[in-house]
Amino acid sequence: MKKNISNRFKIIYVSVFVLLNTLNCFLLTTNLFLKDLTPYPRNIFMFTNSFFGDFGLMIVLVSLALILCKNDYRRMRFLMGTSIVLSILYFGLTVYFGYYGMMFSFYNLAAFASPGGGDAFVFLLASVPTLLTYSKPFFLLSAVVMVVLFVVFVRRHRKNPEIRQYSFISKSNRFTIGFSVLLIGVLVMANSLSAYRVEIDDTWYEDNTTPLYGAETVGLLNYYLYDAYSYFFTEKQGYSDQKRAEIEAELEAYRAEITASPIDGTLLGNSEYEGLFAGKNLLLIQIESMNNFVIGLKVEVDGEWVEVTPNLNAMLADSVYFNNYYTNVGIGNTSDAEFTVLTGLYPVGPTYTVFEYAQVQYPTLPKMFKAAGYSTFSAHANTGIFYERSTLHPSLYGFDYHYAEEDFEITEDQLIHTWLNDHDFLMENIDLMQAASASGPVFSFAITISDHMPYRRPTDVALEDNWFPGKTNLLPAGYRVAENDILNEQFVGYLEHVSYTDYAIGAAMDYLETAGLAEDTIVVLYGDHGCGIDIYDMFYESPDQFSNDLNGIITDTGLDTQILLEREMLTNIPFIIYDPSYDETTSVLKAQTVSLTRGSNCTTRTIASLFGLDQEYYFGTDALSDQRTFTYNPRNLDIFVDGAIISGTSQEFVVTDEAMVDFYTPQKVIAIIDSFLEYKDFNDKLLRYEIFPPLE
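With this note's numbering, the residue at position 300 of the sequence shown is 300, and numbering never jumps.
It should be emphasised that the hints constitute simulated quantities derived from the structure, not laboratory data. Possibly wrong hints are sitting among the right ones.
Stated by the list, open to error - Here are the in silico distance ranges between beta carbons for each label pair:
{"id": "1", "residue 1": "D264", "residue 2": "T411", "range": "25 to 35 Å"}
{"id": "2", "residue 1": "N31", "residue 2": "S595", "range": "22 to 32 Å"}
{"id": "3", "residue 1": "I486", "residue 2": "D614", "range": "27 to 37 Å"}
{"id": "4", "residue 1": "P310", "residue 2": "D264", "range": "32 to 42 Å"}
{"id": "5", "residue 1": "E206", "residue 2": "R155", "range": "47 to 57 Å"}
{"id": "6", "residue 1": "T411", "residue 2": "F33", "range": "22 to 32 Å"}
Unchecked claim - Heads up, simulated EDC-like pairs for lysine to aspartate or glutamate below, C-alpha to C-alpha not over 20 Å straight-line:
{"id": "7", "residue 1": "K236", "residue 2": "D318"}
{"id": "8", "residue 1": "K243", "residue 2": "E300"}
{"id": "9", "residue 1": "K370", "residue 2": "D520"}
{"id": "10", "residue 1": "K243", "residue 2": "D534"}
{"id": "11", "residue 1": "K136", "residue 2": "D537"}
{"id": "12", "residue 1": "K298", "residue 2": "D626"}
{"id": "13", "residue 1": "K668", "residue 2": "E678"}
{"id": "14", "residue 1": "K236", "residue 2": "D264"}
{"id": "15", "residue 1": "K280", "residue 2": "E519"}
{"id": "16", "residue 1": "K367", "residue 2": "D318"}
{"id": "17", "residue 1": "K471", "residue 2": "E300"}
{"id": "18", "residue 1": "K236", "residue 2": "D207"}
{"id": "19", "residue 1": "K280", "residue 2": "E513"}
{"id": "20", "residue 1": "K668", "residue 2": "D400"}
{"id": "21", "residue 1": "K590", "residue 2": "E566"}
{"id": "22", "residue 1": "K590", "residue 2": "D318"}
{"id": "23", "residue 1": "K280", "residue 2": "D400"}
{"id": "24", "residue 1": "K680", "residue 2": "D318"}
{"id": "25", "residue 1": "K243", "residue 2": "E690"}
Each residue gets a CB set at the ideal place from its N, CA and C atoms; glycine is no exception.
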């Protein structure tokens, strides 16, 4: 009788293992816990096929317990250990998704395999406290349940030492049954993958599947096994001449300046300001992690309103400011921003562009400037091996030189989070511009870094009260915008870091005047990507402590569409064209705010037009034109259009402009999604097929 009870318990134990882990795999592809996840609408095939994909893997794991372990005690311990490992994996996936807003892919590991992988790993370790705030501890529960059940079993039979040697399956049948179960599990998994390939054959997903769609369709762990195999053991896929010819033919259409709007069909080309800044210097500043909501943002301190970005706010009086500009970065973050801004093309999303698609001669902004007689250089305060900038910025983008940490004389008191601070970095850039301008016009691309995570007080230099050298704190000690201590540290820290970068930019603009470059230089500034934290919670918890006359403050509507509004806020970046010599009466391009939807992919075309550069291809939209367009987030396929946000996966949408409610009918939204899918297919194949000539 005791053995029968024990056997029933073991059967329950195995069943719980299979059930809990299969359930976790399913939940990780829904938005029940990952609220920012927008799953593809599931049909019966997707639901059934994904269930069998992960169920098959659970059968395989049970079979391994039978084959590798001689008795039931060890098998239960094996399944308990496996559950712990899987729970840590689930937990890690929630952290990853929380930070990046996209599902993990093994192709993301390319960053750690690069020469700068060590620095990437150090940054990862330093950011662990922040990253853990994204975690969902629920996914550790399955391991806890398995441990508790195992302890109950051991305690119940602690007086019976023979139980540890007992096997429900006889020794003679152990391998036969074990390998039979293994074969069944493998066949179930393989059948799920085969059915998936048949299902997507000759559809958009055949060439454009995403980790989320794959996990939803073949099962989470089943997909990741396939993804790991593809990454580690397969060569880069080849493509037929016919497919390449189709993309080459489509590319030819982008030689035309006049294009039709994907929103309303109107035909427009470059703006009326073409060639306005020809011959002037360009200082292009990519600002680390700056969201648009900080422009115009004020914080109440002791009864007074304090500006977070006073210098940028003041510069708007002499600038064209785009308040509906969106980052287009994928997993590559800053490196993806550089790629899109300098080429006009989108990153694919789940892969690092600079590691996967850097073997061809893209038409780029630096090459256009060089053809116009400019000297060109880029600069970053990190080591030159990170993202391989020292190699790729000259070879891929065409800069004359890339200045990195190794090229600057840096003392310890200049460091913020181990990097040269933005103030001194921008001063170095202007000095380099001044020296280069003696032989002609200059294009300088300065990539800042002080506003990078982790958003905590820097420990590089010993300061009494201030967070940063040369600047007083934005907020007093102990200032609170959130109840949770960890979140409050992040939110306050982000505001302090942004305020410091604003201070550095203000000082740099003054130095531009001192260096005698202001009259002949145009400054373009933009955020590379969002802040990477759920900072909208700050406005929900403490709405009375914030004010913004320029961009407003996000409020919690309590509606399902709130998630789209939050994602839009974190994707929205500032884009500013600043003329230090601006004169309201004589300047042709007037200071103004442009609210038409634009993205980082519009930057190359806009700058090339303003500076009168020869463009071979016209990717994106001239931001100063009147053309309506869309831009998208390659991570989660959110689509941004004038007055609305659309999910390219779930097809949900929210209209943010009441005047556009009647325009965005369900039919119009589907038409926009179709246009987006068509363009993304072209853009991604342009990269994957390596259509442009190979690097020499």
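Comparing the hints with the structure gives:
1. D264 - T411: 25 to 35 Å: Distance hint for D264, T411 is violated at roughly 56 Å.
2. N31 - S595: 22 to 32 Å: holds (30 Å)
3. I486 - D614: 27 to 37 Å: At 52 Å between Cβs, range violated.
4. P310 - D264: 32 to 42 Å: The hint (32 to 42 Å, Cβ to Cβ) holds, given that P310 and D264 are roughly 38 Å apart.
5. E206 - R155: 47 to 57 Å: holds (54 Å)
6. T411 - F33: 22 to 32 Å: violated (47 Å)
7. K236 - D318: Violated, because 49 Å separates the two Cα atoms, which is more than 20 Å.
8. K243 - E300: Violated, because 58 Å separates the two Cα atoms, which is more than 20 Å.
9. K370 - D520: holds (18 Å)
10. K243 - D534: violated (41 Å)
11. K136 - D537: Holds - the C-alpha atoms of D537 and K136 are around 17 Å apart, at most 20 Å.
12. K298 - D626: violated (31 Å)
13. K668 - E678: Holds, at about 15 Å.
14. K236 - D264: Not OK: K236 and D264 at ~39 Å, beyond 20 Å, violated.
15. K280 - E519: holds (9 Å)
16. K367 - D318: Answer violated: K367 to D318 is near 28 Å, above 20 Å.
17. K471 - E300: holds (19 Å)
18. K236 - D207: holds (14 Å)
19. K280 - E513: holds (15 Å)
20. K668 - D400: violated (46 Å)
21. K590 - E566: violated (32 Å)
22. K590 - D318: Roughly 8 Å between the alpha carbons, so the hint for K590 and D318 holds.
23. K280 - D400: With Cα atoms ~18 Å apart, K280 and D400 stay inside 20 Å; holds.
24. K680 - D318: violated (36 Å)
25. K243 - E690: holds (12 Å)
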